[in-house]
Structures are given as structure tokens and as C-alpha cells.
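There are 6 protein chains.
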Amino acid sequence: MSESVTLVPGNTLITATAEEGRQLAIKMSRLIIKVTQPDAAVREKLRPIYASDAAMLIAVGQTVAIEFATIAAANNYWKAI
Amino acid sequence: MSESVTLVPGNTLITATAEEGRQLAIKMSRLIIKVTQPDAAVREKLRPIYASDAAMLIAVGQTVAIEFATIAAANNYWKAI
Amino acid sequence: MSESVTLVPGNTLITATAEEGRQLAIKMSRLIIKVTQPDAAVREKLRPIYASDAAMLIAVGQTVAIEFATIAAANNYWKAI
Amino acid sequence: MSESVTLVPGNTLITATAEEGRQLAIKMSRLIIKVTQPDAAVREKLRPIYASDAAMLIAVGQTVAIEFATIAAANNYWKAI
Amino acid sequence: MSESVTLVPGNTLITATAEEGRQLAIKMSRLIIKVTQPDAAVREKLRPIYASDAAMLIAVGQTVAIEFATIAAANNYWKAI
Amino acid sequence: MSESVTLVPGNTLITATAEEGRQLAIKMSRLIIKVTQPDAAVREKLRPIYASDAAMLIAVGQTVAIEFATIAAANNYWKAI
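Protein chains in written order, with the working numbering: chain F, 1 to 81; chain P, 1 to 81; chain E, 1 to 81; chain U, 1 to 81; chain G, 1 to 81; chain R, 1 to 81.
Please note that the accuracy of each hint is not assured.
Below, simulated DSS-like cross-link-like pairs (lysine-lysine); rule was C-alpha separation at most 30 Å, straight line [as the list claims (entries may be wrong)]: (1) U:Lys34 with E:Lys34; (2) P:Lys45 with P:Lys34; (3) F:Lys27 with R:Lys79; (4) G:Lys45 with U:Lys34; (5) F:Lys79 with F:Lys27.
Here chain U is said to cover these stretches of chain G; the calculated rule only asks that three of the stretch's residues, wherever they fall, bring their Cβ under 8 Å from a Cβ of chain U [stated by the list, open to error]: (6) 14-20; (7) 34-40; (8) 48-56; (9) 67-74.
The hints are simulated quantities; they were obtained by calculation from the structure and are not laboratory data.
We put the beta carbon where it would ideally sit given N, CA and C, even for glycine.
From just these sequences and the hints, can you work out the full model?
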């Protein structure tokens with residue numbers, strides 16, 4: 001693992017809004033790809049492949065959904081306390 | 001990521017009913033596809049592919065189920081308090 | 001999304017029994033398929049395909065399991081209070 | 001859905017032990033297969049297929065794990081109270 | 001299902017440490033494979049197949065992760081009380 | 001299972017930060033691969049395969065997301081108490 005990749009931007013799961021939580025989920029899921037395939041050239045080659053493949057897009061969606069579940073719980077679902 | 005795509009419509013996970021929570025789950029899962037494949041023409045081409053493929057339809061269902069779990073928890077399962 | 005499809009029958013996750021909760025999980029997972037592929041003729045063609053495919057049947061089982069987890073939590077696992 | 005199939009044996013998620021909870025998870029996951037493919041002859045034909053396929057066996061394991069998570073939570077993990 | 005297979009070694013999810021919890025997750029996931037494919041000879045034939053297949057190894061990892069989530073919750077994450 | 005492989009580095013799920021929790025999730029998911037395929041030479045051969053395959057990279061991301069959910073809960077999402 002390339003230790004220089006930041007895996008959790010800001011080092012916190014807490015976000016101001018649900019929208020930002022969702023953006024964080026996307027970023028965190030992409031950073032796992034980055035740390036697993038550190039070569040940017042390879043990642044650039046893979047992007048059009050999964051972005052044009054229905055099954056892979058659905059799988060991306062599943063991953064983001066799982067990340068978001070954790071972030072949403074961390075933020076108590078952005079409910080006023 | 002195209003920052004102009006709204007990922008959580010209304011910027012809240014709270015909905016009035018379970019039915020609306022389910023609709024939100026579907027929308028949120030589709031918005032991840034949209035942000036991952038921003039080209040509407042490509043998405044239009046992919047839609048009939050996954051909508052006619054049993055395995056992909058099942059995978060869509062799994063994604064929605066995961067999104068819905070988060071939304072349902074956020075709404076305390078729409079139980080009266 | 002065809003807005004005319006009811007996604008949560010009865011608009012509630014609450015059921016009298018675990019058995020009924022399980023039936024609801026099956027129905028809710030099928031309604032996602034329905035809303036994603038609104039053409040009944042296509043769905044009818046797909047049914048024998050996934051019902052005769054071991055891998056797809058297992059995937060159906062995973063989807064129902066995820067839906068059921070949410071419904072079971074909503075019902076406090078049908079435990080007497 | 002064949003309404004005559006019992007989906008939750010005993011109509012309860014509560015079991016005396018973790019071992020029995022695990023057995024229930026297996027049974028419940030198989031009953032979803034049964035209700036999705038009601039033809040016993042077809043199911044019998046599919047069994048040797050998935051039982052001899054490494055990827056499908058792993059997928060069966062994932063399904064049981066998800067079902068078990070719900071059952072274990074329902075039983076408070078079989079911890080003395 | 002071969003009723004003679006023990007599905008939860010020790011019939012408890014409680015372990016002394018996180019490390020032992022992880023070992024239990026691996027064992028429990030393997031026991032589901034065993035009960036689904038009771039023929040040891042077939043399982044022996046399948047082992048080198050999934051152990052040499054990147055996609056299957058990743059899927060094994062997903063299954064263990066799901067089992068471990070349950071075990072970790074059962075043990076309150078091995079935190080001192 | 002090769003009993004000599006440490007499955008949970010430090011034998012704890014508790015980490016100082018979310019970033020370290022994410023690193024632990026990656027390590028723990030890789031250690032399951034290691035224990036399932038103990039031959040380092042085989043693992044080295046598999047690494048470029050999954051690191052260059054979009055679908056497998058996405059699956060790696062799903063596994064890490066599931067592991068991280070457990071670690072994040074164990075750490076109460078790294079929120080000040």
C-alpha cells in the first residue's frame with residue numbers, strides 16, 4: 001500500500017450535510033482504488049471501461065452505498081440533536 | 001466527479017413515508033451512476049442493457065436495498081415516536 | 001422511474017410476524033425490478049432465466065436478505081416488548 | 001410467489017443457541033430459493049451445479065452471512081442478559 | 001443439510017480477542033461451504049481453484065468481512081467495559 | 001488456515017484516527033487473502049491481475065468498505081466523547 005495516499009480526506013467522517021457525506025463516500029471509495037492501483041496511467045485506462053459497463057456501474061453504486069451507510073451513521077444521519 | 005450533480009435530492013435523508021424513502025433510495029443509487037458516467041448519451045445506451053439483463057436487475061435491487069437500509073434507519077423506520 | 005408503481009405495499013415496514021416480514025422483503029425486492037424494467041413482457045421473459053440459474057437465484061437470496069435485515073430491525077425482530 | 005411456502009420456520013428469528021441460529025440462516029436462505037424456483041425438479045438439477053462451483057459456494061456463504069447477521073442481532077448474540 | 005456439521009465452533013460468538021474473532025469468522029464461513037458441499041473430495045478439488053483466482057479470493061474476503069461484522073458486534077468490539 | 005498469520009494487526013480494532021482505521025481495513029482485508037492463499041508467489045502473480053481489472057478493483061473496494069464499517073463502529077466513528 002502506498003502510504004502517501006490519504007484515505008480519508010480531512011481525516012474525519014463528519015460532514016456538514018448529507019450531500020457532503022455522499023461526496024465523501026464517493027471520494028473514499030475512489031481512494032481505495034487509487035491505493036490498490038497506484039499507477040495513474042492504468043487507472044485512467046480503466047475509467048472508461050467501468051464507466052461504460054452497466055454491471056460495473058451498478059457495482060460502483062453498491063460500494064458507494066456501503067461507504068455512505070458508515071458515514072451517515074457517523075453523522076447521526078444529519079439529524080438535529 | 002462532476003460537482004454539479006446533486007447527490008442527495010433535498011440534501012436530507014428524512015422522508016415523510018417509507019414509500020418516499022424507497023423512492024429516495026432509487027434516486028440516490030441512480031445519481032451515483034450519473035456522477036460516475038456523466039455522459040447522458042452513454043447512460044441512455046446502457047439503460048436498456050441492464051433493464052433487460054436478469055443478473056443486472058438483481059444487482060440494481062441489491063444496491064437499492066443497501067441505500068434503503070440507511071434511509072430507513074435515518075427515519076427510525078417511519079415509526080411513530 | 002414509473003411513479004405509478006407502489007414500492008412499499010401498505011407504505012409501512014411494520015408487519016405482524018417474521019413470516020410476513022419475509023414476504024414483504026420478497027415483494028419489495030421484486031418491486032425494484034418492476035420499477036427498473038416496467039415492461040411486464042420483458043420481466044416475464046427474464047423470470048425463467050433467473051429462476052433456472054443457480055448464480056442468479058443465490059443473488060436473489062442476497063437481495064432479499066438485505067431487505068429483510070431492514071424490515072426485521074424496523075419490527076424490533078418481532079420480539080415482545 | 002407460492003404463498004404455501006413457509007419462509008421463516010416457526011415464524012420466529014429467536015433460537016436457543018448460536019448454532020441453531022446458523023441453521024436457521026441456512027434454512028431461510030434456501031427457502032428464498034424455493035419460493036423463487038418452486039419446481040423441485042429444477043432445484044434438484046441446480047444443486048450439484050452450485051455445490052461444485054467455487055464462486056457460487058462463496059456466494060452462498062455471503063447470503064448465509066447476511067441472514068445470520070439479522071438472526072444474531074435478533075437474539076442479542078445469544079448473550080446472557 | 002448435513003446436520004452433523006458443527007456450524008458455530010463452541011456454539012458461541014464470544015471470543016477473547018479480535019484476532020480470535022477473526023479466526024472464528026473464517027471458520028464459520030468455511031463451515032457454510034462444508035455444509036453446502038459435504039463431499040470432502042469435491043471441496044479439496046475446489047480449494048486450489050478459488051485460492052488461485054483473484055476474483056474469488058476477493059469474494060472470500062467479502063464473506064469473512066460480513067461474518068466478522070456480526071462477531072465483532074457480539075463482542076462489543078472487544079472494548080473494555 | 002495457516003495459524004501463523006496475524007489477522008488483526010495489534011489485535012485491536014481501535015485506532016487513533018479515521019485514516020488509521022481505513023488503513024487497518026485495507027490490511028485486514030489483505031490478510032484474509034494471505035491466509036486463504038498462503039503462497040506468496042501465487043499472491044504476487046495475482047496482484048497485477050486484480051490491480052488491472054476494473055471489476056476486481058471495485059470488488060476490492062466493496063470488501064474494504066465492509067471491513068471499515070466494523071472498524072468505524074468499534075471506534076464510535078472517532079467522535080469525541
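- prompt: Does Lys34 (chain U) lie within 30 Å of Lys45 (chain G) when you go C-alpha to C-alpha?
  reply: Holds - the C-alpha atoms of Lys34 (chain U) and Lys45 (chain G) are around 28 Å apart, at most 30 Å.
query: Does Lys27 (chain F) lie within 30 Å of Lys79 (chain F) when you go C-alpha to C-alpha?
result: 23 Å, holds
message: For the region 67-74 of chain G, count the residues whose Cβ lies under 8 Å from any Cβ of chain U; is that count three or more?
response: Our answer is that it holds, as 5 residues pass the Cβ test (under 8 Å) against chain U, meeting three.
field: Proximity test - 8 Å, beta-carbon atoms, the region 48-56 of chain G to chain U, at least three hits
entry: holds (count 5)
- request: Tell me if chain U covers the region 34-40 of chain G under the three-residue, 8 Å CB rule, please?
  value: holds (count 3)
message: Given the hinted pair Lys34 (chain U) and Lys34 (chain E), is their Cα-Cα distance within 30 Å?
response: 21 Å, holds
field: Coverage criterion applied to the region 14-20 of chain G (partner chain U; beta-carbon cut 8 Å; 3 residues)
entry: It is violated: at least three residues are needed, and the region 14-20 of chain G offers just 1 whose Cβ sits closer than 8 Å to chain U.
task: Assess, step by step, whether the Cα of Lys45 (chain P) is no farther than 30 Å from the Cα of Lys34 (chain P), and give holds or violated.
output: 13 Å, holds
task: Sort out whether Lys79 (chain R) lies within 30 Å of Lys27 (chain F), counting only the CA atoms.
output: 20 Å, holds
Consistency with the previously given hints fails for number 6 only.
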